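Asks: Put together the whole structure using the sequences plus the hints.
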Amino acid sequence: MTASPAVIATSHPNDPLLRADRFPHILCPGCGIGTVIHCYVDAMAESGVALENHVCVSGIGCSGRAAGYVNVDSYHTTHGRAIPFALGIAVHKPELRVTVISGDGDLSAIGGNHLIHAARRNMNLTVICINNFNYGMTGGQAGPTTPRGSMASTAPHGVHDRPFNLPDLARAAGASFVARWTILHVRQLREAILRGMHNPGFSFIEALSPCPTNFGRANALGTGMDEMEVYRQRCRIADSLPPFDELDIDLVDEARPIVVGNFVDIARRPYESV
Amino acid sequence: MTAAPEGGQRVLTGTHFMLGDHACAEGALAAGLDFFGGYPITPSTEVAERLARRLPEVGGQYLQMEDELGSIMSIIGASAAGARSLTATSGPGFSLMMESIGLAAMMEIPCVIVDVQRASPSTGLPTMVGQSDILQARWGSHGDYGIAAFSPASPQECFDLAIHAFNVADRYRIPVFLMLDEVIAHMTERVVIPPAKEIPIHRRKGPVHAPGEERHLPYAIGDDLVPAMAHAGEGYRVHMTGLTHDERGYPALTPEIHNTLVNRLVDKVRLNAQAIEIYDEYELDDAETVIIAFGCTSRSARQAARLARARGSKCGLLRLVSIWPFPEQRIRQLLARGTVQRFVVPEVNLGQLRREVERLTQLPIHRINHAGGAMPTPKDILEVIP
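So the protein sequences, as listed, match chains A and B.
Quick note: the first sequence uses the working numbering, first residue 1, plus one each step.
Quick note: the second sequence uses the working numbering, first residue 275, plus one each step.
Where chain A lies over chain B, by a calculated footprint (3+ residues, C-beta under 8 Å):
1. 298 to 312
2. 322 to 336
3. 356 to 363
4. 513 to 520
Not everything, but these chain B residues come out facing chain A in the computed CB check (under 8 Å):
5. Leu343
6. Met347
7. Ala352
8. Glu373
9. Leu377
10. Gly509
Please keep in mind that the hints were generated in silico from the structure rather than gathered at the bench.
Computed from a predicted structure; not experimentally measured.
All C-beta atoms in this analysis are idealised placements derived from N, C-alpha and C, irrespective of residue type, glycine included.
Replies: Here's what the structure looks like:
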């Protein structure tokens, strides 16, 4: 069947928000990073803040490529250091809405110190951490978010150490808005990002995402759609931060819920310059 | 802490008795410093302390970061948003900054880094003098790129060179290092600060067109190899990356584009070396012995040259104010004259600058080295001058 030229769209409402001249993107089929970028640009469009006043900063890795696809001032920086770069922008020009989009390894392993200190300061930043449970760009190595028991190229006998609970980490460090959603929850994810943009302090949003090429394949999770189905069946929404152990993510144990939600949303004095 | 005697005055015009580290901070303020991000480390801490007090008083931002990895990135980010930005550190922190110094070079985001050198390697002698970071300043980050490094020999020069460092950083869009050593940093001398209107300020060039008028290409170059810089929040929608990129700033991962880009990063400094480099000469006209020195060591060297002259020895001093670019052409000129018979290179390291001189000549080079903690005295230098 041939589609009629009349119904082929030549543009998308989000085109002005994206660097369409960079497509096709580098992301694999089934990857969730594109969905997060989509939620981010939707939130920007809804934010009521002029695009000229939005800035996107990324670190390194597949998620780190996010900054390269959004049509605002955008910076693709060094591994782990997106937050201090973003902080320099946000402190020098407080009128800008600076969002960091990067991966779990970038933000919580090599960049972990910057994450907790930016949260401590309650700095006016929104950090979107795309958690795909492994280092995807380098071929599926284990990281600090890889669930215990999972397989990875650097964990051929299974991961034996405990992963971070990123929302709990961000809350403990002082973030005033903390959420976790999956890329199945596009509406909630977009709303959480929007909430982050309007929060005068530090917002941390974890976005769980399939990485079918690496993590999914190594752990028999099937395609990106199959992992989305796992999210659909097992996600349970909580309105406040659940106990530490309940936040743990186990993609294999079918009996265990994956807890998502806007866990923390409090008024806490944000960073103010002297 | 007592109330600030300076009030909100950005340029402290007048004559002062001032610490080298403080003079550095005052020079940066006079140059229009907007943002400081740093982490305390001996012997550079007085730069941060001075700015923690002074910078907010003149409308700037002082941020104490969690480590030097964050410090360097915060100043690169602030500069991407248009700030004149500074950090100050010493060897261990300088080492931590190296990766992101490469990012600043690759993204062509200007910034100034004060490195107060102490005896190294590792923790070494934290409170004592060293001059052993100069090759790290040149080659410390991975890959090839252009930078400039200046080495003050007095608190006055700390002030003057801090201003110059910002102008050079903006002019060429490069990281610039102000390489103090502990002796100069902790030396107190007379510092004369001119009226604000006499401070030379040359800011980075911006796009010639208004945002939205036409597409801004962040890495399109004109006739001088240095692209115009648009900042975050100005409406040009720039993209910058540490990946090899084309003139749009987009990743372009080919050997050809990489080769062109990296050559330009190096060439914009290499081809402008004579505009950037600064040196100071003492009695070189008929010199048979040429001492080449920088920082605190150059002060001993000047006294040694003076004493050598007094006893009839044809000795002169080439004092490096810029270490990088190294004034290669000037040394070639001296060699071409045919009168020079030997060089003397005193330094508080085991021969880092000497390697540069060795590249240029087969003549004997007398090395006077100390690994750190002590600097060569005039007598140490005088001993090797015939």
